[in-house]
Amino acid sequence: MRSWKPWTLLAGVILAAIMPHLLSRYYIHLLDLFLIGSLFALSFNILLGSTGLLSFGHSAYFGVGAYSAALLMQKVGLHYFIAIPLSLAITGVIAAVIGYFCSRVVAMSFAILTLAFGELLFVIASKWYTFTGGDDGIQSVFPPSVIASSAGFYYFTVIVVALGTLAIWWILNSPFGYTLQCIRDNRQRSESIGINVRRYQWMVFIVSGVFAGLAGCLFVTLNWSVAPTDLGFVKGGEPIVMTIVGGQHVFGGPIIGAAIFTFFQFFVGQITIYWALVIGIVLALVIRFLPGGIGGFIQQRLAALHQAQQSRV
Amino acid sequence: MILQVDGLTKSFGALRAVDNVSFGIEQGDLVALIGPNGAGKTTLFNVIIGFLTPEAGKVIFKGEDVTSLPPHRIARKRIGVAFQITNIFPRLTVFQNIQAALFASRGKTKNMYSLAPKMMKDDTNEILAAVRLSEMTQTPADSLPQPDKKRLELGIALASRPELLLLDEPTSGQSAEETFSTMELVKKINEEQGLTILFIEHKMPVVFGIARRIIVMHHGSVIADAEPESVRESKEVQEAYLGEKV
Amino acid sequence: MTFVTFLNQFISGATYGLVLFMVALGLALIFGVMSIVNLAHPSLYMLGAFFGYFIWFSLKGYYLSFWLSVILAGLAVACAGIILEFFLRPLREHTEQILFTYAFIYIIADLVKMFWGGRYYTLPRPPGLDGSVTVGGIILPTYNLFIIGVSLLMGALLWLLLSKTKLGKIIRAAVFDREMVAMLGIRLPWLFALVFGIGAFVAGAAGLLAAPMGSIAVGMDAEMIVPVFVVCIIGGMGSFSGALIASLIIGEVYAFGILVLPQMAMAFMFVVVVVILIIRPQGILGRS
Chain A
1 MRSWKPWTLL
11 AGVILAAIMP
21 HLLSRYYIHL
31 LDLFLIGSLF
41 ALSFNILLGS
51 TGLLSFGHSA
61 YFGVGAYSAA
71 LLMQKVGLHY
81 FIAIPLSLAI
91 TGVIAAVIGY
101 FCSRVVAMSF
111 AILTLAFGEL
121 LFVIASKWYT
131 FTGGDDGIQS
141 VFPPSVIASS
151 AGFYYFTVIV
161 VALGTLAIWW
171 ILNSPFGYTL
181 QCIRDNRQRS
191 ESIGINVRRY
201 QWMVFIVSGV
211 FAGLAGCLFV
221 TLNWSVAPTD
231 LGFVKGGEPI
241 VMTIVGGQHV
251 FGGPIIGAAI
261 FTFFQFFVGQ
271 ITIYWALVIG
281 IVLALVIRFL
291 PGGIGGFIQQ
301 RLAALHQAQQ
311 SRV
Chain B
314 MILQVDGLTK
324 SFGALRAVDN
334 VSFGIEQGDL
344 VALIGPNGAG
354 KTTLFNVIIG
364 FLTPEAGKVI
374 FKGEDVTSLP
384 PHRIARKRIG
394 VAFQITNIFP
404 RLTVFQNIQA
414 ALFASRGKTK
424 NMYSLAPKMM
434 KDDTNEILAA
444 VRLSEMTQTP
454 ADSLPQPDKK
464 RLELGIALAS
474 RPELLLLDEP
484 TSGQSAEETF
494 STMELVKKIN
504 EEQGLTILFI
514 EHKMPVVFGI
524 ARRIIVMHHG
534 SVIADAEPES
544 VRESKEVQEA
554 YLGEKV
Chain C
560 MTFVTFLNQF
570 ISGATYGLVL
580 FMVALGLALI
590 FGVMSIVNLA
600 HPSLYMLGAF
610 FGYFIWFSLK
620 GYYLSFWLSV
630 ILAGLAVACA
640 GIILEFFLRP
650 LREHTEQILF
660 TYAFIYIIAD
670 LVKMFWGGRY
680 YTLPRPPGLD
690 GSVTVGGIIL
700 PTYNLFIIGV
710 SLLMGALLWL
720 LLSKTKLGKI
730 IRAAVFDREM
740 VAMLGIRLPW
750 LFALVFGIGA
760 FVAGAAGLLA
770 APMGSIAVGM
780 DAEMIVPVFV
790 VCIIGGMGSF
800 SGALIASLII
810 GEVYAFGILV
820 LPQMAMAFMF
830 VVVVVILIIR
840 PQGILGRS
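Residue numbers (my numbering), protein chains in the order written: chain A, 1 to 313; chain B, 314 to 559; chain C, 560 to 847.
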């Protein structure tokens with residue numbers, strides 16, 4: 001029974017590798033968006049699922065990652081592979097500054113404050129025409145030719161997202177990750193065993209912001225441009241929907257949610273313009289009837305199945 | 314004198330929950346804090362561990378004034394607490410609850426690069442064995458029955474490796490048998506590890522069974538602070554309990 | 560800066576701030592009594608403007624049509640609020656509740672778009688308030704002064720309701736101990752629905768009242784969200800007087816900020832937020 005894991009992993013790797021030969025460019029593009037969305041949602045869930053912090057402005061770091069990569073390449077003329085790490089550093093600094101204030105307040109105010117800061121960055125991106133290109137954003141950001149092709153970018157993204165996912169998994173299963181879960185489960189008890197809750201909230205804010213920034217960098221590489229709509233309130237809703245629908249208490253939940261969201265968005269978008277209505281209803285229904293999300297639901301079913309098998313023995 | 318409490322006063326509006334309380338505890342002592350309900354015992358604990366700030370008075374631990382320190386700093390000074398109402402980490406497993414507390418006490422909480430599940434297994438198992446929870450390590454703490462949660466609570470307090478341990482009604486809700494083994498454990502860690510213990514209890518046989526000193530509180534003040542025999546004889550204590558047989 | 564400019568900006572800032580105040584009132588009430596953060600409250604404000612416009616449109620020509628529309632729009636939005644509260648009821652955790660109301664931001668916004676299209680509507684000021692008043696040689700728009708007055712009145716009325724009436728006492732008791740209130744025979748579900756309805760009514764009425772000063776369009780909700788919630792945080796979640804002070808601060812900072820940095824007056828608001836939160840993380844009058 002134990003040996004199915006390495007086989008599925010191998011199958012998954014092979015499947016991922018041959019995708020560009022199976023699908024058209026259109027669907028590879030969707031797959032890219034799904035991968036980027038997964039990383040974005042996983043970064044968000046470091047805050048929500050593991051630390052119990054709800055951030056409505058997580059798209060700010062996605063956007064800062066994208067914008068700073070674009071600006072470093074276009075205005076400073078840096079090479080792609082230098083611009084990316086630098087933009088992650090910039091994202092980290094922004095997350096550190098904003099996170100400092102957000103971690104000082106009580107839980108409900110945290111959610112609202114993250115929303116407010118997210119909107120602030122949106123306004124800066126939209127209005128500061130000379131620096132950020134205003135509503136037009138930054139265009140013609142060309143990645144190096146090795147990853148500019150459909151297949152090239154796809155493989156690059158698969159590798160980066162896989163590594164990013166592994167890194168997040170590792171962090172969440174480290175002593176630091178356990179500390180985060182303590183904070184989520186019981187702040188008072190955490191304090192009484194010596195955990196400085198405020199400081200760890202700050203730290204996790206930075207960590208999760210940097211991973212969101214990485215997703216943003218991948219996004220600008222895919223899109224060859226970035227605009228204010230890639231930050232802000234509406235974009236901030238994406239990781240929320242992905243994580244809640246996919247399940248916040250399961251590691252793979254955000255990934256499931258990203259898959260559902262990405263493919264759903266494209267197909268629903270072809271039928272109606274009222275995408276927001278659909279997504280709002282889906283979110284409300286999931287919260288009401290499936291609080292653990294789809295991931296949580298699957299986990300429950302598997303546990304029940306396991307129990308049934310045990311009792312038969 | 315490992316803990317010195319000096320003129321502590323804490324009010325809630327017009328209510329003086331803790332009224333000019335002073336006492337000292339020597340290292341290695343095993344002291345009980347008793348008194349009728351509402352005497353201010355839990356409030357006193359909350360002031361010592363930093364969750365409440367007193368209007369007046371000082372808490373001095375190992376010669377250092379810790380009165381205004383936040384709870385996490387006080388915990389790092391090695392003052393541990395087990396709360397009266399079980400205060401555990403519900404979504405973590407029993408094993409993880411203890412591990413997390415160990416990580417906190419050993420300063421490993423910033424470590425993002427090691428994988429936690431295999432770390433400190435021996436120490437964790439040792440504590441789990443001491444509180445008799447070795448059987449259910451993989452159970453989420455939330456699904457434990459209440460008495461087991463109480464033991465886990467104690468386990469977390471022990472895992473933070475304190476030099477002074479405050480226990481708020483460690484045997485509440487436990488059967489006679491469990492009460493006995495909990496108090497045996499408390500006595501054992503006090504005698505073998507020299508851990509200074511201050512505990513709040515309502516069960517008099519327990520108190521008189523193991524405490525070497527008893528502090529009695531009533532309406533926020535200390536009305537007695539002596540060895541068990543003297544407290545037993547004290548008129549004020551008897552009055553405070555309104556004729557309860559001691 | 561001349562005195563005229565100063566006074567104009569001051570009135571403008573106070574007007575804007577007090578509109579925020581009206582919306583924040585409903586939020587504070589709902590949060591104070593039920594501990595629910597209703598992210599969709601600004602959406603209810605927008606609904607009030609839309610409902611109100613179309614009610615007014617059908618009542619056009621009737622005497623006091625504007626005022627009637629305000630009341631009716633408020634009631635309509637109160638119903639919407641009660642429906643929302645009904646759906647919120649089974650949810651126990653704060654995170655679930657806030658996310659549920661978040662979902663409704665999208666639902667309400669798209670429903671408005673669906674029924675009333677993507678265009679904007681303008682509502683004229685009601686007769687009698689469309690002129691201006693001259694104070695010491697300075698011309699001030701009457702309607703702005705009216706808004707200042709009516710919002711303070713609303714705040715006063717709500718305060719009176721809570722402190723002087725029997726209903727108010729029950730509501731305040733429910734804040735402290737809902738089990739006790741339930742044991743006294745008060746049907747909690749009805750009470751919560753009523754509180755939510757009152758909060759929604761105020762927001763909806765505010766939506767229509769503020770409409771003549773700008774235009775009614777989809778996006779009114781988005782414009783309101785950050786300022787209103789910032790007011791709540793600075794003032795302290797659940798505090799009426801905190802909301803009043805905070806909304807005046809925010810309103811004035813915004814009005815004078817526009818003179819300095821027209822495109823990004825919002826940035827000044829943030830400086831204020833940051834400063835206040837450093838000094839007092841729980842807000843000016845929040846409970847710690």
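Treat the hints as calculated values from the structure; they're not laboratory data. This structure is a prediction, so every number in the text was calculated from the model and none was measured. Any given hint could be a false lead.
[Said to hold, decoys possible] Computed cross-link-like contacts, SDA-like style, restricted to lysine to any residue with a CA-CA straight-line distance of at most 25 Å: (1) K423(B) / S103(A); (2) K127(A) / F674(C); (3) K423(B) / I206(A); (4) K672(C) / A167(A); (5) K501(B) / I206(A); (6) K390(B) / I315(B); (7) K423(B) / I273(A); (8) K423(B) / F101(A); (9) K127(A) / L712(C); (10) K127(A) / G727(C); (11) K423(B) / V105(A).
Cross-check of the supplied hints:
1. With a C-alpha separation of about 17 Å, the suggested pair K423(B) and S103(A) falls inside the 25 Å cut-off, and the hint holds.
2. As the CA atoms of K127(A) and F674(C) are separated by approximately 31 Å, the hinted pair breaks the 25 Å bound.
3. With a C-alpha separation of about 13 Å, the suggested pairing of K423(B) with I206(A) holds against the 25 Å cut-off.
4. Between the alpha carbons of K672(C) and A167(A) the distance comes to roughly 42 Å, so the proposed pair goes past 25 Å and is violated.
5. Proximity of K501(B) to I206(A) is assessed by CA-CA distance (about 44 Å); at most 25 Å being required, the pair is judged violated.
6. A C-alpha spacing of about 12 Å is found between K390(B) and I315(B), which places the hinted pair at or below 25 Å, so the restraint holds.
7. Only pairs whose Cα atoms come within 25 Å are accepted, and K423(B) paired with I273(A) is rejected, the gap being roughly 47 Å.
8. Simply put, K423(B) and F101(A) have alpha-carbon atoms about 21 Å apart, close enough for the 25 Å limit, and the pair holds.
9. In summary, the hint linking K127(A) to L712(C) is not supported, as the alpha carbons are separated by about 37 Å, beyond the 25 Å threshold.
10. Distance restraint check for K127(A) and G727(C): the Cα-Cα separation of roughly 46 Å exceeds the 25 Å cut-off, and the hinted pair is therefore not satisfied.
11. Our distance criterion of 25 Å between C-alpha atoms is met by K423(B) and V105(A), whose separation comes to about 22 Å.
In terms of the numbered hints stated before, the structure departs from hints 2, 4, 5, 7, 9, 10, listed from lowest to highest.
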